[in-house]
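If you're matching them up, the sequences are chains P and E in order. Note that UniProt numbering has the first sequence beginning at 1, numbered continuously upward. Note that UniProt numbering has the second sequence beginning at 1, numbered continuously upward.
Derived by calculation from the structure, the hints in this document are not laboratory data. What you are looking at is a predicted structure, and each value in this text was computed from that prediction instead of being measured. Even for Gly, the Cβ is constructed at its ideal location relative to N, Cα and C. One or more of the hints may lead you astray.
Chain E is faced by these chain P residues, among others (derived, beta-carbon under 8 angstroms) [what the hints assert, rightly or not]: (1) V6; (2) P21; (3) V25; (4) E45; (5) W51; (6) R58; (7) H59.
Protein chains: 2
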Amino acid sequence: MGESVVSRVVRIVETFGSDTPALRVSDVARRAGLHVATASRLIEELCRHGWLERDDDRHVRIGVRLWELASRASPTLGLREAAMPFMEDLHAVVGHHTQLGVRQGHEVLFVERLSAPNAVLNITRVAGRLPLHVSSSGLVLLAHAPAEVQEEVLAGPLPPRTPNTPAAVTEPAGLRRLLAGIRRDGYVVCPGFIDRETAGVAVPLRGPGEQVVAALSVIVPNDRHARAQVPALRAAAHGVSRVMSSR
Amino acid sequence: MGESVVSRVVRIVETFGSDTPALRVSDVARRAGLHVATASRLIEELCRHGWLERDDDRHVRIGVRLWELASRASPTLGLREAAMPFMEDLHAVVGHHTQLGVRQGHEVLFVERLSAPNAVLNITRVAGRLPLHVSSSGLVLLAHAPAEVQEEVLAGPLPPRTPNTPAAVTEPAGLRRLLAGIRRDGYVVCPGFIDRETAGVAVPLRGPGEQVVAALSVIVPNDRHARAQVPALRAAAHGVSRVMSSR
């Protein structure tokens with residue numbers, strides 16, 4: 001019985017997302033595939049522990065307490081704290097979205113982002129995900145992922161994200177060449193892969209022991225200046241690695 | 001039975017903290033007050049869902065997946081995203097720790113922090129807490145908390161945080177006067193309340209409907225310039241409120 005309660009709790013918490021931060025109990029039940037009575041009882045108990053919270057208008061949300069528990073011992077907290085001062089400097093110089101991503105399976109999860117109000121369009125958000133093969137951060141992480149992960153991605157479907165996504169990342173042979181180029185050059189520039197107006201530029205971020213633990217990237221206007229961000233990105237990535245290694 | 005499984009899961013996740021990010025299964029069991037077999041079984045299932053993760057050396061940690069779930073629908077995400085550009089500007093100007101805190105019961109929970117490597121000492125951290133009555137952020141939040149929360153805090157013990165904590169916040173009459181002053185002036189300066197070398201300066205941050213939803217603060221050297229940070233803090237707080245109200 002214990003196992004199934006844990007699964008139900010996980011299904012309930014997973015119904016909340018950036019597009020659905022607040023839901024009625026009946027919506028949670030439907031999305032989680034649970035009887036309303038069961039969902040209601042578990043939501044009640046999760047609210048008592050502060051993991052969920054009730055709005056004034058009978059909606060349920062993720063509780064601040066769950067964020068606190070997950071954040072204070074987060075495995076990415078050390079990385080984020082080391083990266084943030086360098087990301088700030090980078091953001092001040094580049095003036096556009098600056099973000100930090102880690103690999104989770106076949107996707108990149110963005111764990112930190114700095115944005116200026118007047119920056120170019122950017123579809124990512126904190127705690128948002130993108131497939132590895134269509135984003136600059138994801139390509140850097142894939143290039144340095146274990147061989148079996150690379151083979152899984154290369155063997156699977158490689159759908160374009162938008163009509164602008166080039167064949168170089170949707171065909172295994174092209175993607176394999178691109179990944180080799182990233183390992184050789186130490187960066188990637190993705191002009192218009194996701195949006196015609198923007199370019200993603202990413203570099204690997206190495207942890208203690210030189211393994212790649214994250215990707216540092218900027219989203220800039222898609223023009224001939226995009227590649228000029230590489231030296232600043234590399235310098236910032238070196239700084240973060242130095243701080244992490246000295247701890 | 002469902003209730004007790006949820007409680008056990010909560011107790012297991014709560015054993016992890018900033019000082020104990022990685023624990024052995026036997027340590028988790030002891031801290032959570034569970035039999036090792038029970039804890040082991042629940043940890044196993046939480047790992048399967050990615051809510052916990054296993055290290056190479058048989059330690060268990062909070063999983064990136066739990067952080068992602070809690071973050072992507074976090075009730076403070078909108079606040080943090082609105083505040084971050086202004087916090088960056090403030091941090092660039094002030095050059096010291098800049099932080100954003102929300103009230104959780106009788107404590108302030110820090111949800112965002114920007115720090116320069118060479119900044120003054122600061123005991124707070126992201127997802128860290130401090131009692132309301134000893135920190136500049138906490139005092140601002142207490143001054144604008146519902147009357148019953150203020151009375152609870154004023155009626156309870158008001159322990160000093162350090163030998164430097166002044167009597168003005170450890171005696172009900174003094175604290176009541178200080179809170180009235182904060183409501184009148186719109187800011188608080190706490191010179192040496194927590195550390196003799198530093199001063200906390202905080203202002204309220206208002207959400208839609210003018211209610212105070214957070215405190216914006218800086219931790220600066222404890223000298224006669226501390227109060228000079230108030231105008232920059234106020235301007236930043238106004239900017240955040242404007243962005244939140246326009247959404």
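*When the hints from earlier in the document are held up against this structure, which numbers fail?*
Hints 3, 6, 7 are the ones this structure does not satisfy, whereas the remaining hints hold.
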